[in-house]
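Residues -17 to 412, numbered by the working numbering, are exactly what the sequence shown covers, in order.
The set of hints was computed from the structure by calculation and includes no laboratory data. All C-beta atoms, glycine included, are put in the ideal place defined by N, C-alpha and C. Where hints are given, some of them may not hold.
To be verified - Pairwise CB distance ranges, derived in the manner of DEER restraints:
id, residue 1, residue 2, range
1, Gly152, Asp203, 39 to 49 Å
2, Pro288, Asp377, 47 to 57 Å
3, Gly289, Ala103, 32 to 42 Å
4, Thr199, Gly152, 47 to 57 Å
5, Ala9, Arg220, 57 to 67 Å
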Amino acid sequence: MKLFPSAHATHPQWRMALALVVAQLRAQMALPQYASAPSLGLLYITDHYAAEAAAVLDSLSAELPEVTDWSGTVGVGVCANNAEYFDEPALSVLLLDVPAHQYRVFSGVSPLPAAHAGGFAAHTALLHADGHTPDLAELIDEMAARTDTGYLFGGLAASRGASVQFAVAGNGNLRGQGAASGVFAGGLSGVAFARDVALLSRVTQGCQPVGAEHTVTAAHDNVVLALDGDPALDVLLRTLDVSLDGDPQPALRKVRATLAGLADAPAMADAPARRTGHFGTDTRVRHIIGLDGARRGVALADHVQPGMRLTFCQRNVAAARADLMRICAEIREELEPEELLAVPAADVGAPPGVQQSPQGRRICGAVYVSCSGRGGPHFGGPSAELQIVRHALGDVPLVGFFAGGEIAHQHLYGYTGVLTVFVDDAAAEV
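Using the sequences and the hints given, assemble the complete structure.
Written out as structure tokens, the structure is:
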């Protein structure tokens, strides 16, 4: 694969922004190191353009007729390799140099077939979803089961208007696609990739553990009643070194700044929280939503079962920056895109077959999905989040959006970032 052409622009009028994007893409496609005729495009728009989503896609397709397949969605912000457009009219585009037989665009009217059905074997998938879809968690699980690795990456549409998704396979529509315009509302859509499309993916949760990991030994619905046999509330207060006796306000302020990292047993038995001070992809960070004084329990924003592993943690600017730099460093250590060197390293949370890195691989393009509650201010300044990524990975083509929830593996996250890079074995060609 060659480098993926990418472009981004902001303008109050979407036609002007689109013209700027097309000019950038055409200029890159004329360069020898970039793909000259990619057929798959990723399109992300901010919700300022949501009402004109169909017109945006139609115009972009007309300007780039060689790009027959499109996928994408809307966010309260979009990002590129060195900038983020948050709460302003903008769009960001990435054109993937992937052979047509190695991917499949899917949507509600042209769903992804079950594993190995229809002659296409999905290995991984980029997934976009509407957060208001009923039974969303179950649908994400089902979608993961349609891939060989069970690995999904993507996020939920985020919009103050229409929560649109783009999904069109113009080079031979799938059965059921019919005359669909390629703009949808509700449900799931995305792109499935075959085994030969090599991906490397990491999740940054922006949290750091503040205590040891524990085993949930008693729970009821979303209330943790006991950790390692001790009352859960007592363990929390002991971890934070606070007391509810006397004036409880200082203790409650600390509790409000604390979250819980949950993982299904025995996922955290040798988890990175023990070895590196960071969470892996099997850990879901959830808010503490209440304290049960009568049962000495801690209520979380998720269902909890005995046997799960739990670690109390905190999220702040320093932790967010450190964890984002960590996942970028892991990718850089494996691939070294600028020097064309590779240092293979195992990723604890990685799906089998996705993270392997033989020498000589480089990044052709990247997709970054971040939480709409993160962005520049959470990292210390405008575009600071994307500048951290660029500083670590170099000037690689990147597209993405700020989502209402992030997807990695078969899990739905919040306040996280999911960074996925497409890599090429034949790095020495460029």
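Structure-based check of all given hints:
Checking the proposed 39 to 49 Å range against Gly152 and Asp203 shows it holds: the Cβ atoms sit about 47 Å from each other. Checked against the hint of 47 to 57 Å, the pair Pro288 and Asp377 passes, with Cβ atoms roughly 49 Å apart. With their beta carbons about 34 Å apart, Gly289 and Ala103 fall inside the hinted range of 32 to 42 Å. In this structure, Thr199 and Gly152 meet the distance hint of 47 to 57 Å, their C-beta atoms being roughly 55 Å apart.
Checked against the hint of 57 to 67 Å, the pair Ala9 and Arg220 passes, with Cβ atoms roughly 60 Å apart.
Violated hints for the displayed structure: none, as all numbered hints are satisfied.
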